[in-house]
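**Student:** Taken in sequence, the protein lines are chains A and B. Position 249 of the first sequence, counting from 1, maps to 249 under full-length UniProt numbering, and the rest follow consecutively. Position 163 of the second sequence, counting from 1, maps to 163 under full-length UniProt numbering, and the rest follow consecutively.
Each hint should be verified, as a subset may be incorrect.
It does not matter which identical chain is meant; a pair holds if it fits inside one copy or across any two.
Claimed, not checked - Straight line, CA to CA, 20 Å or less: simulated SDA-like cross-link-like pairs of lysine to any residue: (1) Lys216 x Gln248; (2) Lys299 x Ala133; (3) Lys88 x Ser102; (4) Lys88 x Glu101; (5) Lys88 x Arg112; (6) Lys88 x Glu108; (7) Lys88 x Glu100; (8) Lys88 x Asp201; (9) Lys88 x Gln111; (10) Lys216 x Pro74; (11) Lys88 x Arg104; (12) Lys216 x Trp193; (13) Lys88 x Pro49; (14) Lys299 x Ser58.
Don't read these hints as lab results, they were simulated from the structure.
Protein chains: 2
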Amino acid sequence: MRGPTIYDVASAAGVATSTVSRAFSTPSRVGAATREHVLAVAEQLGYRPNPHARALLSDHHSTVAMVVSDITNPHYFELIRGAEMRAKASEHTLVLVNAEESARIELEQIQRLLPSVDGFVLAASRLPDENLAHLAAQRPVVLVSRELPGLPCALLDHVDGCRQIVQHLDSLGHRHLVYLAGPRSSWMASTRWSALRTAADEAGMRADRVGPFTPKVAQGGLAADAALVTGATAFVAHNDLLAIGVVQRLQQRMVRVPADVSVVGFDDIFAADLCTPRLTTLGGAHADVGRAAVEILLKAAVRGTADGPPVRVVLPTELRLRESTGPVA
Amino acid sequence: MRGPTIYDVASAAGVATSTVSRAFSTPSRVGAATREHVLAVAEQLGYRPNPHARALLSDHHSTVAMVVSDITNPHYFELIRGAEMRAKASEHTLVLVNAEESARIELEQIQRLLPSVDGFVLAASRLPDENLAHLAAQRPVVLVSRELPGLPCALLDHVDGCRQIVQHLDSLGHRHLVYLAGPRSSWMASTRWSALRTAADEAGMRADRVGPFTPKVAQGGLAADAALVTGATAFVAHNDLLAIGVVQRLQQRMVRVPADVSVVGFDDIFAADLCTPRLTTLGGAHADVGRAAVEILLKAAVRGTADGPPVRVVLPTELRLRESTGPVA
DNA sequence: ACAACCAGGGCAAGGGGTTGTCAAAAGTTG
DNA sequence: CAACTTTTGACAACCCCTTGCCCTGGTTGT
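Build the full structure now, drawing on both the sequences and the hints.
**Tutor:** Okay, structure coming up:
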């Protein structure tokens with residue numbers, strides 16, 4: 001399949017190829033009448049400029065890549081959706097990459113795409129700081145659920161969110177929580193932990209941590225057992241998937257939720273509102289995060305790489321109170 | 001960002017650019033020693049062939065597009081995941097497109113990508129047959145959850161699946177089912193309906209249909225109410241999302257599930273196993289469907305468009321028995 | 001009436017690779 | 001050692017589009 005080229009249009013319209021090109025990209029450099037004629041001919045021929053040829057010399061691709069740490073996690077759906085829609089709105093293509101929780105794969109894929117995208121949205125990147133900095137020197141990069149001084153990012157306000165969680169638990173009479181941590185290389189995991197600890201300190205509440213765990217349902221059993229031995233009355237799981245697994249294990253062990261133990265998750269995935277008991281979780285507009293990330297990226301790709309401090313979009317979180325948390329016995 | 005080119009490699013290695021090119025693409029046309037030397041130099045320079053330049057004349061892009069009717073639907077996660085992994089395994093990039101349940105958007109996006117991908121996987125395409133045929137003439141196309149004579153496709157065996165559903169309901173004593181239909185332009189919706197009807201006929205069971213409905217939770221209320229007036233004892237919803245919405249509405253109307261009414265869904269999404277009551281649903285290896293679809297596409301892209309009849313991969317389905325179905329009162 | 005301008009449009013050089021053609025170098029055979 | 005066949009590698013055209021530069025013909029100013 002080879003569509004009509006600029007040459008076909010040019011000869012059909014009786015002008016030079018440069019005129020056709022300009023009719024599209026630099027309208028001011030071409031007479032109004034000529035321009036219209038060219039456009040009409042192009043339309044009639046079904047001409048579409050070849051993106052590769054264009055990319056070849058402009059290094060502009062109308063494509064952004066989004067790398068997610070694990071596409072299996074339903075939490076990313078919203079993020080992906082928001083990113084996809086924003087990209088489409090600007091007539092950009094969204095390339096989706098799954099890093100499978102592996103820094104190596106993540107880096108490999110990024111290298112592969114380096115010459116053919118305008119920039120990267122890295123969601124919960126597992127890459128070490130140096131790699132990120134090096135990458136950012138070559139292409140615009142926007143971080144999601146991760147921060148690095150000097151790089152723009154979009155994320156939910158987990159510091160405030162963790163405070164909400166702690167306040168909620170505090171008001172229910174809990175004096176001891178345990179954080180069921182996410183992966184070691186997850187920036188989000190350390191952020192949540194330190195925010196929880198700070199908030200707990202302020203409330204005079206004890207905060208322990210167990211883990212790290214891979215944040216999947218299957219790991220919930222392990223996490224639940226580990227958390228139980230701390231004696232905490234409130235379990236804060238790294239995400240909803242883990243929380244759901246934890247609840248299942250607790251039920252299996254005849255520990256009542258929330259009568260004996262309260263459980264809180266993060267992300268407010270679709271299933272959090274459907275499981276039993278319905279899960280109290282820290283939600284936020286993930287789609288907006290995806291949207292914002294792509295937006296920042298597109299802006300960065302247009303103007304020169306650096307002007308002013310990097311953008312930092314922080315969206316609010318809200319604790320969705322449901323049935324998995326309750327007053328301490 | 002402009003990486004080293006083939007020229008840099010050539011001069012660094014002291015050979016012609018054509019030699020470098022052939023060292024990569026046509027090893028047999030180059031001396032073993034020369035080849036190794038070139039490769040070493042390239043590696044050392046961090047050279048990566050520019051995909052655009054290559055695509056420009058070979059019309060081969062190492063990219064496949066996957067169009068889904070609605071990215072919001074969790075059912076697609078698995079499909080996307082399978083497709084993404086298969087594409088990656090062949091060092092191809094997966095471009096994700098959301099058609100937002102609109103044939104117009106679907107077509108627009110496809111046009112946009114036409115010159116830059118090797119082919120399309122169309123999941124639950126809402127496009128009319130003519131469009132599909134026309135598209136297939138330009139690029140390899142693989143259908144998912146849809147069939148069209150002449151085009152390859154990958155799908156789950158819903159005919160058998162519907163038979164399983166009917167047999168299951170029959171064995172529970174149900175004599176009257178109603179299908180809560182999906183969108184009018186959905187091939188899957190008509191397929192399921194006709195398969196259900198056939199199976200019901202064979203079992204001497206009455207089968208009604210209501211709808212069409214947009215297969216989302218929010219539409220469940222409407223669907224449930226419509227289904228109730230048919231007097232059927234078994235509701236077969238177009239997908240799990242709709243089924244979940246239906247169950248919620250039934251509970252709200254004090255109709256007990258499954259004591260008063262049995263509900264069956266399709267897809268076996270993650271949440272189906274978590275909601276209350278847990279949903280009986282027709283499952284299948286969706287990831288494998290995605291994998292198969294990309295695999296077919298890749299093969300089709302290599303050899304000439306047409307040789308032999310189009311591949312048709314049908315994967316088995318299995319009814320996941322859970323709590324939303326029970327014996328008729 | 002003529003110089004100075006300017007808008008509109010054409011020419012041609014890339015941008016990074018691939019590939020058909022061809023000549024030089026190397027190896028074979030008698 | 002001449003005549004001939006195989007490798008190897010170099011040249012250059014081409015893929016499609018963008019863009020700097022130049023040329024033309026028409027305006028404007030004095």
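**Student:** So, for every hint listed, does it hold in this structure?
**Tutor:** Hint check:
| no. | hint | result |
| --- | --- | --- |
| 1 | Lys216 x Gln248 | within (12 Å within a copy, 26 Å between copies) |
| 2 | Lys299 x Ala133 | within (19 Å within a copy, 39 Å between copies) |
| 3 | Lys88 x Ser102 | between (28 Å within a copy, 14 Å between copies) |
| 4 | Lys88 x Glu101 | between (27 Å within a copy, 15 Å between copies) |
| 5 | Lys88 x Arg112 | between (22 Å within a copy, 11 Å between copies) |
| 6 | Lys88 x Glu108 | between (26 Å within a copy, 11 Å between copies) |
| 7 | Lys88 x Glu100 | between (25 Å within a copy, 11 Å between copies) |
| 8 | Lys88 x Asp201 | neither (45 Å within a copy, 46 Å between copies) |
| 9 | Lys88 x Gln111 | between (24 Å within a copy, 13 Å between copies) |
| 10 | Lys216 x Pro74 | both (10 Å within a copy, 16 Å between copies) |
| 11 | Lys88 x Arg104 | between (29 Å within a copy, 14 Å between copies) |
| 12 | Lys216 x Trp193 | within (18 Å within a copy, 36 Å between copies) |
| 13 | Lys88 x Pro49 | within (18 Å within a copy, 28 Å between copies) |
| 14 | Lys299 x Ser58 | within (17 Å within a copy, 32 Å between copies) |
In this structure, only the earlier hint numbered 8 is contradicted, and the remaining ones agree with it.
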